[in-house]
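Residue numbers (the numbering used here), protein chains in the order written: chain A, 1 to 112; chain B, 1 to 112.
For the record, the hints were derived by calculation from the structure and aren't laboratory data. Among the clues, some could well be false.
[Claimed, not checked] Below, in silico cross-link-like pairs of lysine to aspartate or glutamate (DMTMM-like), each with a Cα-Cα straight-line distance of 20 angstroms or less:
(1) B:49 x B:15
(2) B:99 x B:15
(3) A:96 x A:58
(4) B:99 x A:11
(5) B:111 x B:8
(6) B:77 x B:66
(7) B:58 x A:98
(8) B:99 x A:98
(9) B:22 x B:9
(10) B:111 x B:9
(11) B:99 x A:86
(12) A:65 x A:54
(13) B:49 x A:86
(14) A:96 x A:11
(15) B:69 x B:85
[Unchecked claim] Output of the computed footprint for chain B on chain A, the stretches with three or more beta carbons under 8 angstroms from beta carbons of chain B:
(16) 42-49
(17) 63-77
(18) 97-109
Glycine included, C-beta positions come from ideal geometry on N, C-alpha and C.
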Amino acid sequence: SAVISQKPSRDICQRGTSLTIQCQVDSQVTMMFWYRQQPGQSLTLIATANQGSEATYESGFVIDKFPISRPNLTFSTLTVSNMSPEDSSIYLCSAKTEYGYTFGSGTRLTVV
Amino acid sequence: AQSVAQPEDQVNVAEGNPLTVKCTYSVSGNPYLFWYVQYPNRGLQFLLKYITGDNLVKGSYGFEAEFNKSQTSFHLKKPSALVSDSALYFCAVQAAGNKLTFGGGTRVLVKP
Chain A
1 SAVISQKPSR
11 DICQRGTSLT
21 IQCQVDSQVT
31 MMFWYRQQPG
41 QSLTLIATAN
51 QGSEATYESG
61 FVIDKFPISR
71 PNLTFSTLTV
81 SNMSPEDSSI
91 YLCSAKTEYG
101 YTFGSGTRLT
111 VV
Chain B
1 AQSVAQPEDQ
11 VNVAEGNPLT
21 VKCTYSVSGN
31 PYLFWYVQYP
41 NRGLQFLLKY
51 ITGDNLVKGS
61 YGFEAEFNKS
71 QTSFHLKKPS
81 ALVSDSALYF
91 CAVQAAGNKL
101 TFGGGTRVLV
111 KP
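The following block holds chain A by itself, in its conformation from the complex (with noise of 0.2 angstroms):
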C-alpha cells in the first residue's frame, strides 16, 4: 500500500500568519483528501485535492482560508491562512489507493 510523507508534524504559529503542510506519496494517486481532527476526536473532512482543478470543498470550509494545491499524483499541499487559535487542531492527508485509504502521519498545529 501507498506511504505519505506529511510535514511538518508540528508548529506553533502566530495568529494571522499561514502554514503550509505538505504530503508527499510514495506512488501516484488519484484522488487524495485532507482533514482536520481535535485531539481525540473524530475527522472532519477539509476538501477533496484534484489533481489539475480546484479542490472541492465541504461545507463550512472555503478556499480562501484552506487554499490547496495538487501540482501532481504524488503531491498535495493544505495552507491554513490568517490563523487564529480556533485553527488549532490536526490536520491529515489521505490518499485513496487501490487496497483503500492511506493516511499521513498528521501535522498537530497550535496557534497562539
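Got chain A sorted already, so can you dock chain B onto it with the hints?
Same frame as chain A, now just chain B:
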C-alpha cells in the same frame, strides 16, 4: 446522507479477554466499510475493510469484523486483547465521491 455511529466512547477490557468495538452505519446503496486504529500522535492505520463477499472479514493484528446487513452493523472484534491494543478506533463508510465518513471514535483501554 451517509453516517456512522460508534455508540461507546470508551471500552475497557482486561488483557486476554475478548474485545468488541461497535459500529452501525447508514448509507444508500452497498456500503464499503472500514476500520482504522490511531495511536497517540500518529496517523490512522488501516485494520480491515468490507467491500463485498464473506460477511466475516479478517484484518491486521488479529482483528476481524462482521458485516451484518439486516442490523446495519460492522462490529470490530478480537478474541484476546493485548495491552498494546489500547488506542483510538474509528469505523468509516465510503460514500459518494469516494469520501470517507467517520464515526466518532471509540477509545479502547486494555488493562493488564
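Violated hints, by number in ascending order, as checked against the structure: Violated hints (numbers, rising): 1, 2, 4, 11, 13, 14, 15 and 17; every other hint is consistent with the structure.
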